[in-house]
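S.K.: Protein chains in written order, with our numbering: chain A, 1 to 221; chain B, 222 to 491.
The hints are simulated quantities; they were obtained by calculation from the structure and are not laboratory data. Small disclaimer: the values here were computed from a predicted structure and weren't measured. Heads up, some of the hints might be wrong.
Claimed, not checked - With a Cα cut of at most 20 Å, we get these calculated EDC-like pairs of lysine to aspartate or glutamate:
1) B:K270 to A:E73
2) A:K8 to B:E471
3) A:K3 to B:D342
4) A:K8 to B:D412
5) B:K425 to A:E119
6) A:K8 to B:D370
7) A:K3 to B:D370
8) A:K75 to B:E424
9) B:K270 to B:D255
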Amino acid sequence: MLKTYEEKVETITEAICELGRFVLDSNKKALTALKNNNIEALNEITVPSKKLTIKSNEIDNLIVTTLALYSPEAKDLRQMVAYLKITNELIRAGSNTKTFIKGFRRSYSEDINTNAILEYVIPLLKASTQALEITISMIENNDVHTIEENYNRVLVEESKTDDLYSMIEKNILKLISKHLELSKDYFDLLSSFRRLEKIADRASSIANLLLFANLGGELNS
Amino acid sequence: MNQEIREKVKTDTQADKNLITKVNVKKLNLWYGDNQALNDINIDIYENKITALIGPSGCGKSTFLRCLNRMNDLISSVSVKGEVIIDHKNIYDKDIDEVSVRKKIGMVFQQPNPFPKSIYDNVAYAAIKHSLVKKGRACDELVEKSLRDSGLWDEVKDKLNQPGTSLSGGQQQRLCIARTIAIQPEVILMDEPTSALDPISTEKIEALMLELKQKYTIITVTHNMQQAARVADYTAFFHLGELIEYDETENVFINPKLKKTEDYITGRFG
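Please put together the full structure from these sequences, using the hints given.
M.R.: See the structure below:
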């Protein structure tokens, strides 16, 4: 392939990684805040959806230009198609992060069982962040063996979030049954936790797209 | 938009992109006998850019290309009206010598056409004829530099005395490019330079074009639209002797302004 094509792909890859790192960074900050029991720190985390959308549109337009000018084929074509879908997944992951932070901040108070809530949310957030981090590292890596290995790791983390969420759901329902007056807060918290599980879903979907880009097969995200 | 405003918009756009006009074509018309092949062509071709000329067969793109170095003068039935201004001078002015024009504007053809001489002589011949160098060290250096710039040196440095025709098709075409750049032209015209080559040789020529545009202004005719999209900075679409659309390649291939261009690019006619 021409050098100009390789430069374009490099630019797109770097821009996608940057978009992913931005979302990841917000999740990591949220995790640190929760681990330190510093809920106030969540107020300082911003996930500017508009900025992310603008960035994602820029990347998508770059991809369209690359498709139009270079007519890539085989692995190159799969990579461009996967990238086009990955930007969308990252925007959705960012939106889930934003909704989690906002929902958690709004419903978390001294009235609820804070110890129990933190005990549930930290591993869930840790697993979803881990899934996202592994996924983003996959974007920069072209080694098929490493990609397959990381894909399996993402699936493990995603499965972890599913299990953790089910457990948390059961435990929160128990808390609600003891304190019906706080049911709205608990339900809102549960709804925000659901976002973390969604982030892991998005990570798994991206990992799947990267597997398609590198190994081929059918598009199945 | 009147002519004055159009000129102003064009000048502002050029300034924004630091574009320098290398070839300015004004109201160019060409006839083969009574048959008009080019109709009022106006175009600015920019320095150190690759401009691709695309369009269906018989649309006038090769005829237009040959106007730029007065190659059509060799056909007796051809008459040309209009101006082709290069470096503030109309190459169709009566006091202009067409040989000096062709020295300034090199050309690479569809079929690789090395002289029946050695690889060395293929590159050195025109430079010596134009008195750019004399035989000896200076000539050796020019041959090496031209072959290096055309990406061929490493493949032929040990067989410079072998005939140019002994090389593969792709190598012969690069030898023709080396021969062209040896006379230090300012503009290189390429008439379907890769249509006779396999995909690997084509990629080498395309990569070379991208390298050469740092030093030269390149105008290429191609039937391969993917090639125009890959290598050209600007693309001009010709149809029935008229310049239909001329813009940055990205715009032509993603958002063409005219339906006719879109129909051609998407394969709906041609």
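S.K.: Looking at the structure, which of the earlier hints fail to hold?
M.R.: 1, 3, 4, 5, 6, 9
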